[in-house]
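Knowing the structure of chain A, use the given hints to seat chain B on it.
Chains as they are written, first to last, in the numbering used here: chain A, 16 to 234; chain B, 4 to 415.
Please keep in mind that the hints were generated in silico from the structure rather than gathered at the bench. Owing to the predicted nature of the structure, the values given are computational and were not obtained by experimental measurement. C-beta: ideal position from N, C-alpha, C; glycine also. Treat the hints with care, since some could be wrong.
Stated by the list, open to error - Example chain A residues on the side facing chain B (calculated, C-beta under 7 Å, incomplete):
#	residue
1	ALA30
2	LEU36
3	PHE38
4	THR41
5	GLY45
6	PHE48
7	LYS52
8	GLU159
As the list claims (entries may be wrong) - Sample of chain A residues lacking proximity to chain B, with all beta carbon distances greater than 12 Å (derived):
#	residue
9	VAL33
10	ILE37
11	ASP66
12	ASN75
13	GLU99
14	LEU131
15	ALA143
16	SER194
17	GLU209
18	THR213
19	LYS227
Stated by the list, open to error - So the derived label-pair ranges between C-beta atoms look like this:
#	chain 1	residue 1	chain 2	residue 2	range
20	A	LYS51	B	PHE32	33 to 43 Å
21	A	THR40	B	THR64	47 to 57 Å
22	B	VAL397	A	LYS210	48 to 58 Å
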Amino acid sequence: MKNENKISLAKYIYAFVVTLLIFSTTLFVGNYFNSKKIDEVKNIESKIAIDILASETQFNLLTELACDSIKESSFSQELGSLDERLKYMESHFDTNDEEFINLKKYYSVLEIKDFLLFKKFSLRCPQAPTSILYFYSNTCPSCESQGFVLTQLRQTYPQLRVYSFDLDLDLPVIKTLASIYKIETDLPALVIKEKTTTGFQSLESFNDLFQKYKIDTKL
Amino acid sequence: MLLGQTNIITYILVFVSLYFEVFLLITFFEKIKETKEEEKHLIYRFKTATIIVPVFNEEKTIFKTVDSLLNLNYPKDKYRIIIVDDGSQDQTWNTIQQFKNHPQIDIYHKENGGKWTALNFAIEKATTEIIGCLDADSFVDSEALRRIVSYFEDTETMAVTPAVKIYQPDNLLRQLQCNEYNLGVFNKKMFGHLGAINITPGPFSFFRREVFEKIGPFRHAHNTEDMEIAMRLQKNGYKIVNAHQALVYTVGPKKYRDLYKQRLRWVYGYFKNLIDYRQMIFKKKHGNLGLFFLPASILMLLAAFYYTVTVVLGFGEFIYEKILLFRAVGWHWKPVWHFDWFYFNTDSVIFFSLLMLGLTIIVTILGIKLSENRFSFNWHMLYFPLIYPIMSIVWLSKAVYNVLTARKPTWR
Numbered sequence: 016m017k018n019e020n021k022i023s024l025a026k027y028i029y030a031f032v033v034t035l036l037i038f039s040t041t042l043f044v045g046n047y048f049n050s051k052k053i054d055e056v057k058n059i060e061s062k063i064a065i066d067i068l069a070s071e072t073q074f075n076l077l078t079e080l081a082c083d084s085i086k087e088s089s090f091s092q093e094l095g096s097l098d099e100r101l102k103y104m105e106s107h108f109d110t111n112d113e114e115f116i117n118l119k120k121y122y123s124v125l126e127i128k129d130f131l132l133f134k135k136f137s138l139r140c141p142q143a144p145t146s147i148l149y150f151y152s153n154t155c156p157s158c159e160s161q162g163f164v165l166t167q168l169r170q171t172y173p174q175l176r177v178y179s180f181d182l183d184l185d186l187p188v189i190k191t192l193a194s195i196y197k198i199e200t201d202l203p204a205l206v207i208k209e210k211t212t213t214g215f216q217s218l219e220s221f222n223d224l225f226q227k228y229k230i231d232t233k234l
Numbered sequence: 004m005l006l007g008q009t010n011i012i013t014y015i016l017v018f019v020s021l022y023f024e025v026f027l028l029i030t031f032f033e034k035i036k037e038t039k040e041e042e043k044h045l046i047y048r049f050k051t052a053t054i055i056v057p058v059f060n061e062e063k064t065i066f067k068t069v070d071s072l073l074n075l076n077y078p079k080d081k082y083r084i085i086i087v088d089d090g091s092q093d094q095t096w097n098t099i100q101q102f103k104n105h106p107q108i109d110i111y112h113k114e115n116g117g118k119w120t121a122l123n124f125a126i127e128k129a130t131t132e133i134i135g136c137l138d139a140d141s142f143v144d145s146e147a148l149r150r151i152v153s154y155f156e157d158t159e160t161m162a163v164t165p166a167v168k169i170y171q172p173d174n175l176l177r178q179l180q181c182n183e184y185n186l187g188v189f190n191k192k193m194f195g196h197l198g199a200i201n202i203t204p205g206p207f208s209f210f211r212r213e214v215f216e217k218i219g220p221f222r223h224a225h226n227t228e229d230m231e232i233a234m235r236l237q238k239n240g241y242k243i244v245n246a247h248q249a250l251v252y253t254v255g256p257k258k259y260r261d262l263y264k265q266r267l268r269w270v271y272g273y274f275k276n277l278i279d280y281r282q283m284i285f286k287k288k289h290g291n292l293g294l295f296f297l298p299a300s301i302l303m304l305l306a307a308f309y310y311t312v313t314v315v316l317g318f319g320e321f322i323y324e325k326i327l328l329f330r331a332v333g334w335h336w337k338p339v340w341h342f343d344w345f346y347f348n349t350d351s352v353i354f355f356s357l358l359m360l361g362l363t364i365i366v367t368i369l370g371i372k373l374s375e376n377r378f379s380f381n382w383h384m385l386y387f388p389l390i391y392p393i394m395s396i397v398w399l400s401k402a403v404y405n406v407l408t409a410r411k412p413t414w415r
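Next up, chain A with everything else stripped away, as it sits in the complex:
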């Protein structure tokens, strides 16, 4: 009358193998899409690198020429979109992943290069649009809000060049850039027209700053 309570080891193993197959396929699908995203970011980065190299060369070629022969459009237009993508990845990917950190580092270096080039251009040509340096860290409480404000600002004034730098990144060149503008731990920090402002800046205070520095946002 006793129940035999048969346990089929083969079935347990078979079910395990099937589960493992489904499990790894699903994992693979997720990773496939994520690596596609990494590839896309890499593509944008190499495009920006080419853009920078091209404008640098153009700049050297035309040193003697007038400002209007170098259009604002000769600068890379993709930094904003790359910034957005990296921000998205930051909230969905493992931020300690080496591949991701490298993408971010490369992005930061490209930004600095672009910034230096742009600075050279705006020194010579006064009608050049404004650039903003933005320093943040993941531990700073109001940095997320500051990021939202800058994204909004970017949408309102497409000519504005915003360069954002994560001070948590272990990258000496960012530290150097920060030290030039005497930025230490007081974050978020912004550099507009070579002047450093620390603490959260709302949209209104940006308008005040623009007025103060006589920045024509229409350019």
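Relative to the frame of chain A, chain B by itself:
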């Protein structure tokens, strides 16, 4: 390799839940022929049966319950109904007087002592080969008893459980329960095949009378006597099978508060009985139940907790971000909807969720197929797997809290 922002715990819980589902699905395909054979419901001899209807303040539904029993397609001289009024305070006793002279029905009144005492009271009086029970909030399909009895043709079978369905799911909460019960039909059938049934539900489970003679009557068992008796049967190596086409309809709680109370009692009882029978866990002697299902059920509970915490935290984070955004830029911010695949969430977790959602829907459909022999799909199946775990977490947490602080939930 990128794994996304998920950790090892997620992967382990997902793997175990997936393994559990795969195991049941393999069992399903393995047993298709056997199941079809069962569906012939062959009976060589109609066994004598007693159906106990314990009632407590159920004057409204008792008539319908008894009526459904009297309409059973089963020889009238082969089954009796014993109605036990467990000290009702309303008109129940007066209501059941109408059955006083019915040739198939005996009515008794006793001091209130709880459902298990009412069952034992009637078991004492029963003389039939098999004994079953039907709660006064449930109704049986006319074929139910025949189908149950056909499983007792196997002399090893000591208990048979039915397929429990929700009676007229007329609101959202009942639709959710309806889905849950359909899913349960599938799971319980597979548990039956695997010798791993751990509950013989109050509505229409049947036992051979000698079961009670050998292993004793029902116990209080933390107000879940139907779980305890099943565990006791399993512990003694008695065979429990599931009659997946013996349909019983039960009235599901209409309000969340009542559902919460019911589930709190179930889950609390489940934990307490599991603690009482903990020696069965990981014992090879107790087959699939001890080795896999009991441990897995604990892990699945953990998974439900984990899922809920993740969803709630994720939602909280989302809201927090939106508030930050609003405070930073106000309503200037206009959502730009760019159809860029880059911004679709493609973490593995999303695909795992879709996979589990799909499997749950398939299993629910199979539950309906098994019990009613028809394929059916409704939109309630789509959101059920998403919100049910979150709903259940409320009573799960409370039950765990009560177990830890030794507080007993009440019946009603």
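Verification of the hints:
Given the 7 Å rule on beta carbons, the hint for ALA30/A holds: about 4 Å separates it from the nearest Cβ of chain B. Below 7 Å, beta-carbon pairs count as interface contacts, and LEU36/A has none with chain B, the closest being about 9 Å; its hint is therefore violated. Against a cut-off of 7 Å between C-beta atoms, the interface hint on PHE38/A holds, since the closest Cβ of chain B lies about 6 Å away. A least Cβ separation of about 5 Å between THR41/A and chain B falls short of the 7 Å threshold, and the interface hint therefore holds.
Hint on GLY45/A holds. Least Cβ distance to chain B is approximately 3 Å, under the 7 Å limit. For PHE48/A, the suggested interface contact is upheld, since its CB lies about 3 Å from the closest CB of chain B, less than 7 Å. Given the 7 Å rule on beta carbons, the hint for LYS52/A holds: about 6 Å separates it from the nearest Cβ of chain B. Because the closest C-beta pair between GLU159/A and chain B is about 6 Å apart, less than 7 Å, the hint holds.
For VAL33/A, the requirement that its beta carbon stay farther than 12 Å from each beta carbon of chain B is not met, with the minimum near 5 Å. Annotated as non-interface, ILE37/A brings its C-beta within 12 Å of a C-beta of chain B; the closest such distance is 6 Å. Here ASP66/A stays apart from chain B, with its beta-carbon at least about 20 Å from theirs, past the 12 Å limit. Against the 12 Å criterion, ASN75/A stays outside the reach of chain B, whose nearest CB is about 35 Å from its own CB.
Some Cβ of chain B comes within 12 Å of the Cβ of GLU99/A; the nearest lies about 9 Å off, and the non-interface call is violated. For LEU131/A, the requirement that its beta carbon stay farther than 12 Å from each beta carbon of chain B is met, with the minimum near 29 Å. Annotated as non-interface, ALA143/A keeps its C-beta farther than 12 Å from every C-beta of chain B; the closest such distance is 26 Å. In this structure SER194/A is separated from chain B by more than 12 Å, as the shortest Cβ-Cβ distance comes to about 28 Å.
No Cβ of chain B comes within 12 Å of the Cβ of GLU209/A; the nearest lies about 25 Å off, and the non-interface call holds. The Cβ of THR213/A sits about 17 Å from the closest Cβ of chain B, beyond the 12 Å cut-off, so the non-interface label holds. At the 12 Å boundary, the C-beta of LYS227/A stays outside the reach of chain B, the nearest C-beta of that chain being 21 Å off. Taken as a hint, the range 33 to 43 Å holds for the pair LYS51/A and PHE32/B, whose Cβ atoms sit roughly 35 Å apart.
Between THR40/A and THR64/B the beta carbons are some 49 Å apart, a value that agrees with the proposed interval 47 to 57 Å. For the pair VAL397/B and LYS210/A, the beta carbons lie near 55 Å from each other, so the given range of 48 to 58 Å is met.
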